[in-house]
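Protein sequences appear in the order of chains A and B. FYI, full-length UniProt numbering numbers position 402 of the first sequence as 402, with every residue one higher than the one before it. FYI, full-length UniProt numbering numbers position 162 of the second sequence as 162, with every residue one higher than the one before it.
Hints are computed from structural coordinates only; laboratory data are not their basis. Keep in mind it's a predicted model, so treat the numbers as computed, not measured. For glycine and all other residues, C-beta sits at the position ideal for the given N, C-alpha and C. Please note that the accuracy of each hint is not assured.
Unchecked claim - Stretch by stretch, here's where chain B covers chain A in the computed footprint (C-beta under 8 Å, at least three residues): (1) 98–111; (2) 184–198.
What the hints assert, rightly or not - Sample of chain B residues facing chain A (criterion: CB under 7 Å; computed from the structure): (3) 24; (4) 64; (5) 71; (6) 76; (7) 83; (8) 89; (9) 118; (10) 140; (11) 183; (12) 186; (13) 204; (14) 209; (15) 440.
Number of protein chains: 2
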Amino acid sequence: MSGRKQLKLGAFMRPASIHTGAWRYPGAYPDANFNFGHLKRFAQRLEAAKFDAFFMADHLALLNMPVEALKRSHTATSFEPFTLLSALAAVTDRIGLVATASTTFDAPFHIARRFASLDHISGGRAGWNIVTTSNPDAALNFGLDDHMDHGERYARAREFYDVVTGLWDSWADDAFVRDQDSGLYFDPARLHVLGHKGAHLSVRGPLHIARPVQGWPVIVQAGASEAGRQLAAETAEVVFAAHGHLEGGRAFYADVKGRMDALGRSRDDLKILPGAFVVVGETVEEARAKRAHLDSLVHEESAIASLSIALGHDASGFDPDGPLPDIPETNASKSGRERAIALARRENLTVRQLAQRLGGYAGLAFVGTPATIADEMEEWLETEGSDGFNVMFPYLPGGLDDFVDKVVPELQRRGLFRREYEGTTLRDSLGLKRPANRFFPEPAAPQA
Amino acid sequence: MSGRKQLKLGAFMRPASIHTGAWRYPGAYPDANFNFGHLKRFAQRLEAAKFDAFFMADHLALLNMPVEALKRSHTATSFEPFTLLSALAAVTDRIGLVATASTTFDAPFHIARRFASLDHISGGRAGWNIVTTSNPDAALNFGLDDHMDHGERYARAREFYDVVTGLWDSWADDAFVRDQDSGLYFDPARLHVLGHKGAHLSVRGPLHIARPVQGWPVIVQAGASEAGRQLAAETAEVVFAAHGHLEGGRAFYADVKGRMDALGRSRDDLKILPGAFVVVGETVEEARAKRAHLDSLVHEESAIASLSIALGHDASGFDPDGPLPDIPETNASKSGRERAIALARRENLTVRQLAQRLGGYAGLAFVGTPATIADEMEEWLETEGSDGFNVMFPYLPGGLDDFVDKVVPELQRRGLFRREYEGTTLRDSLGLKRPANRFFPEPAAPQA
Chain A
1 MSGRKQLKLG AFMRPASIHT GAWRYPGAYP DANFNFGHLK RFAQRLEAAK FDAFFMADHL
61 ALLNMPVEAL KRSHTATSFE PFTLLSALAA VTDRIGLVAT ASTTFDAPFH IARRFASLDH
121 ISGGRAGWNI VTTSNPDAAL NFGLDDHMDH GERYARAREF YDVVTGLWDS WADDAFVRDQ
181 DSGLYFDPAR LHVLGHKGAH LSVRGPLHIA RPVQGWPVIV QAGASEAGRQ LAAETAEVVF
241 AAHGHLEGGR AFYADVKGRM DALGRSRDDL KILPGAFVVV GETVEEARAK RAHLDSLVHE
301 ESAIASLSIA LGHDASGFDP DGPLPDIPET NASKSGRERA IALARRENLT VRQLAQRLGG
361 YAGLAFVGTP ATIADEMEEW LETEGSDGFN VMFPYLPGGL DDFVDKVVPE LQRRGLFRRE
421 YEGTTLRDSL GLKRPANRFF PEPAAPQA
Chain B
1 MSGRKQLKLG AFMRPASIHT GAWRYPGAYP DANFNFGHLK RFAQRLEAAK FDAFFMADHL
61 ALLNMPVEAL KRSHTATSFE PFTLLSALAA VTDRIGLVAT ASTTFDAPFH IARRFASLDH
121 ISGGRAGWNI VTTSNPDAAL NFGLDDHMDH GERYARAREF YDVVTGLWDS WADDAFVRDQ
181 DSGLYFDPAR LHVLGHKGAH LSVRGPLHIA RPVQGWPVIV QAGASEAGRQ LAAETAEVVF
241 AAHGHLEGGR AFYADVKGRM DALGRSRDDL KILPGAFVVV GETVEEARAK RAHLDSLVHE
301 ESAIASLSIA LGHDASGFDP DGPLPDIPET NASKSGRERA IALARRENLT VRQLAQRLGG
361 YAGLAFVGTP ATIADEMEEW LETEGSDGFN VMFPYLPGGL DDFVDKVVPE LQRRGLFRRE
421 YEGTTLRDSL GLKRPANRFF PEPAAPQA
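One chain only, chain A, in its complex shape:
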């Protein structure tokens, strides 16, 4: 292994890829949302390629898009993260397993327990992607008429994190003595009852499962707002960032790592991994052609609905084969409209192509040969744009196979990515410390 800074690579997965046209791509498995066997093979391929983690996208409601778009998207059905990742834990050995769980619509006792259990079952490979759930339809599935506001959701999330990590620390690492001769299973002096009573949560504890293998599962976050960045700087060990270009990535990186400096946290204790949509070809032209074909599989009806939302303007009357006309100002998100307009101009897209890009995937993308993709990843790593990426495959299994068979070896050849796992846990892979137990910082004193 070279002494170069290493890329960390997560795979951000949906069963049929995050791209809404992917299930129609030649060779795709349109039944992947129902078929665990496909997911098992994907995870095993990623593990053979030494990926840090398999990261499962999640939502707590049907995505709130117009039914004309929804009915054409494979996102309407999917596995639940804990059941899926636990099943994957049983058929993999080293890859990390990151599940999304909401601090707004679940109880900290359940969340603490489930992640601890996944960490034990997987031998220390669990990660918790903390989300506050921004989809207002989710509230209606959990008995709430109104969605909790952003500030309150973040205040609750911060307290929720304290409770969950406190519950994980219920037992000292050496609490379970299991002395068959004397009949003592655990030492009651090494058990802590949390007794939390806070502004949002009241939880007694203790957790009735031993401390996780990793101490705590790895803490992952994705919030990009002011509150989200601050929560990440205080608590996160991985941030799933979302930036369309290197400049924005570098600004975010500097901001969040700067907040860590101010808090006295080491910069190495948090890995910033933007999502990156990667399309691999033998030539740049071939990669672009693959992407264009994939985008063309986003149904026009659904695509135009996405474009209308982005523009804040009904796009159904536009000439689909013409350039994007000038759009009058509206009350819709200015940044969304400006991004759409800039994208159309930059890539010289027709209305249909722009609509299909937005309806498929329009964030950061590396589209090229293994060498050009590795060049871009290297530039992000070396200029502090990121510590690696959460890779999104354009379609499955082909897009994953291309990355694993062609891009990973190129990254390894350059000394930017591991050839073997560093250890057995997700913390080992990411180079993160095992947290001390806040209630039992030291091992038990030897008995006299």
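Model the placement of chain B on the given structure of chain A, informed by the hints.
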């Protein structure tokens, strides 16, 4: 296969057995609560023996027993059911996977989604053990100062069941057309939005996962109270009963199946499976000696605490090697005291032996040779005491191996138990119908 009525067999499991002394038994795995590999081998052995289901015991708090007892019991730590059973789903093919989930301390949207996901991952092997959670300590882990009273818990449970089954029916079985050519992933006319608003719950839906493979996962219950029996007669497909003797089992069987008659449900649509603790020996004497040794491993301090609770009287002053003295009447549960006294008299137990029996396992037990155990099971089956059993192994792995290697072949030889699975799902094994979708009872009409 003979035409005889068949026994249904579940395995009611804790990682180190339900007996609190089991972790100390010769050959036991004291680390089983932390070691998924053991559980995987247990499940695979049970599947090779054609068990109907692997049923995971569960609680939502540390068991509320005195710390002197608790510290000696392996029940202080365990895997969470969904993570464990999902992992087992990936390493088994036919055995059912029954998870306990509480209607008092969880949200119906989460429960519906997780069981649907487990059912998809396992190819139709999930079962939901509906519990209302009677441990008052659980409330304190979920932000409630007072435990919900019994009647309110059951009223909520009934509504919760309606919501969960309604969410499972969100999608017609043929909703997901996945037509790659036209780009239609699902037919919106085959999607139902539940829109439930009831006395206890408000849940919009739809569930964002396809209808479970089994239509609905198998509904399991264990309540023995008046409200519990009625809920079972209305909704359950398996009842986990608890009776110390055949007479009580037959009365319960007649009562619950009679309630089904009154409701117009077929008796075959519900299987009554009492828990049965089975200790196998080459001779009856050897089996009894194994049990006596196992009971002797319940630590005396913990055992006397259990006895005091059962008697409603401090037993710590009694001569442990003497017979049970006369106990004055108290306010404690009369039935518990009477059961303890009757047990001591029937088996001529010393105070210590009685205490260790109560601290270990004191319910229905079959202790004998494969032939005497099969005789007892056959009698229960043929006299309408039960439709089978939830077997509890006294210690692991030895107690499980004894049952699988010796009792199962004897049951098969008598034509009382399958030699091959009847199909691929838990419903196939149990002989239960796949429920119709209440919103889409018929397949979609063919398009003109």
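Verification of the supplied hints:
1. Counting residues of the segment 98–111 of chain A whose CB lies closer than 8 Å to any CB of chain B gives 5, so the stated coverage by that chain holds, three being the minimum.
2. With a threshold of 8 Å between beta carbons, the proposed coverage of the segment 184–198 of chain A by chain B holds, since 5 of its residues qualify and at least three are required.
3. Hint on residue 24/B holds. Least Cβ distance to chain A is approximately 5 Å, under the 7 Å limit.
4. Hint status for residue 64/B relative to chain A: violated, with the closest Cβ pair at about 11 Å, above 7 Å.
5. For residue 71/B, the interface hint holds, since its Cβ comes within 7 Å of a Cβ in chain A; the closest pair sits about 5 Å apart.
6. The interface hint given for residue 76/B holds, since its Cβ lies 6 Å from the closest Cβ of chain A, which is under the 7 Å cut-off.
7. Given hint, residue 83/B at the interface with chain A, holds; its Cβ is 4 Å from that chain's nearest Cβ, closer than 7 Å.
8. Interface restraint check: residue 89/B against chain A, minimum CB-CB distance 5 Å, threshold 7 Å, status holds.
9. Annotation: residue 118/B was flagged as interfacial toward chain A, and the flag holds, the nearest CB pair being 5 Å apart, inside 7 Å.
10. Hint on residue 140/B holds. Least Cβ distance to chain A is approximately 4 Å, under the 7 Å limit.
11. Among the interface hints, the one on residue 183/B holds; its C-beta lies about 4 Å from the nearest C-beta in chain A, closer than the 7 Å criterion.
12. This hint holds: residue 186/B has a C-beta 6 Å from the nearest C-beta of chain A, less than the 7 Å allowed.
13. Evaluation of the residue 204/B hint against chain A yields a held restraint, the C-beta minimum of about 4 Å falling below 7 Å.
14. Look at residue 209/B: its Cβ gets to within about 5 Å of chain A, closer than 7 Å, so that hint holds up.
15. The criterion of a C-beta within 7 Å of any C-beta in chain A is not met by residue 440/B, whose closest approach is roughly 16 Å, and the hint is violated.
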